Amino acid sequence: QVQLKETGPDLVQLTQTLSITCTVSGFSLTTYNVHWVRQPPGKGLEWMGAMWNGGGTDYNSAFKSRLSISRDTSKSQVFLKMNSLQTEDTAKYFCARQTGSAPFDYWGQGVMVTVSS
Amino acid sequence: DIVLTQSPALAVSLGQRATISCKTNQNVDYYGNSYMHWYQQKPGQQPKLLIYLASNLASGIPARFSGRGSGTDFTLTIDPVEADDTATYYCQQSRNLPFTFGSGTKLEIK
Numbered sequence: 001q002v003q004l005k006e007t008g009p010d011l012v013q014l015t016q017t018l019s020i021t022c023t024v025s026g027f028s029l030t031t032y033n034v035h036w037v038r039q040p041p042g043k044g045l046e047w048m049g050a051m052w053n054g055g056g057t058d059y060n061s062a063f064k065s066r067l068s069i070s071r072d073t074s075k076s077q078v079f080l081k082m083n084s085l086q087t088e089d090t091a092k093y094f095c096a097r098q099t100g101s102a103p104f105d106y107w108g109q110g111v112m113v114t115v116s117s
Numbered sequence: 001d002i003v004l005t006q007s008p009a010l011a012v013s014l015g016q017r018a019t020i021s022c023k024t025n026q027n028v029d030y031y032g033n034s035y036m037h038w039y040q041q042k043p044g045q046q047p048k049l050l051i052y053l054a055s056n057l058a059s060g061i062p063a064r065f066s067g068r069g070s071g072t073d074f075t076l077t078i079d080p081v082e083a084d085d086t087a088t089y090y091c092q093q094s095r096n097l098p099f100t101f102g103s104g105t106k107l108e109i110k
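If you read the sequences in order, they're chains A and B. Numbers 1 to 117, taken from my numbering, label the letters of the first sequence in order. Numbers 1 to 110, taken from my numbering, label the letters of the second sequence in order.
Bound-form chain A, shown alone (with noise of 0.2 Å):
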C-alpha cells in the first residue's frame, strides 16, 4: 500500500540547516509527484515545494534560496534541506503525494521539528 514516512530531527539549533527524508513505498518517484507541506504549531498548512515524477523542482518563493528539495529514486527517498532556520522555522514537516494537478493524496504522519536559540 502507499506509505509515506518522514525522518529527520527533532531539534535544530537557530541558523542551521534542517535536513528531513521522505521514504516512500507503493508507487514510484517517477510517476508520482512529492510535495513538503509544513504546519507550525497550532496554525495552517503552508506549501513549501515540490519534486515532480520528472525530476524537476519548484519551491516557494516565502522560502526565497533556503530551502532545495532533491531525491533518489533507487531509494524512492525525496529530500528537503533548509538552511538559516529561524524559530518561526518550527514546525511539523509533512510530505505528501501528488499527480498532474490533483489533491494530495497520500500523507506521511509528519516530523515535528523545533528550531532552538
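Listed next, the in silico DSS-like pairs over lysine-lysine satisfying Cα-Cα at most 30 Å (straight line):
id, chain 1, residue 1, chain 2, residue 2
1, A, Lys-5, A, Lys-64
2, A, Lys-43, B, Lys-106
3, B, Lys-23, B, Lys-42
4, A, Lys-43, B, Lys-23
5, B, Lys-42, A, Lys-92
6, B, Lys-48, A, Lys-81
7, A, Lys-64, A, Lys-75
8, B, Lys-48, A, Lys-75
9, A, Lys-5, B, Lys-42
10, A, Lys-92, B, Lys-23
11, B, Lys-42, A, Lys-81
12, B, Lys-48, A, Lys-5
13, A, Lys-43, A, Lys-64
14, B, Lys-42, A, Lys-43
15, A, Lys-43, B, Lys-110
16, A, Lys-43, A, Lys-92
17, B, Lys-48, A, Lys-92
18, A, Lys-92, B, Lys-106
19, B, Lys-42, B, Lys-106
20, B, Lys-106, B, Lys-48
21, A, Lys-81, A, Lys-92
22, B, Lys-48, A, Lys-43
23, A, Lys-5, B, Lys-106
24, A, Lys-64, B, Lys-23
25, A, Lys-64, B, Lys-48
26, A, Lys-75, A, Lys-5
Chain B regions said to be covered by chain A (calculated; three or more residues, Cβ under 8 Å):
id, region
27, 44-51
28, 90-104
Because the hints were derived from the structure by calculation, they are not lab data. This structure is a prediction, so every number in the text was calculated from the model and none was measured. All C-beta atoms in this analysis are idealised placements derived from N, C-alpha and C, irrespective of residue type, glycine included.
Use these hints to put chain B onto chain A, whose structure you have.
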C-alpha cells in the same frame, strides 16, 4: 499567489448540517475542472483528503461529505454531522503554483 479565505470556526449541533465556505481571490477553474480540494485534519494527525476537484468524494469518505462550487466560491457540506467530525477543515487550490491552503475552519459539534 491565490489567496483562499475561510471562516475560522463553526459550531453545529449533532445531526445537523455543517456548511464550510472557501472563497478565492482568483478563478481556480480550468478547462471544465475546478482545482479546489478539501481536507480534514484532527489534532496530531496529518490532513486527510475528503473532496477533490470541488465535488468528487475521495476514496473511503462517507457520502455525508459533499462539495460544490466553481470559479471563486466553494463549499464543503457535512450532513448530518457526527461527533467524530470535530476537526479543522482546509481548502486547497492546485490551479496555480504556489499551491495554497485556506487558513482552516475549526468545526465544533454541539
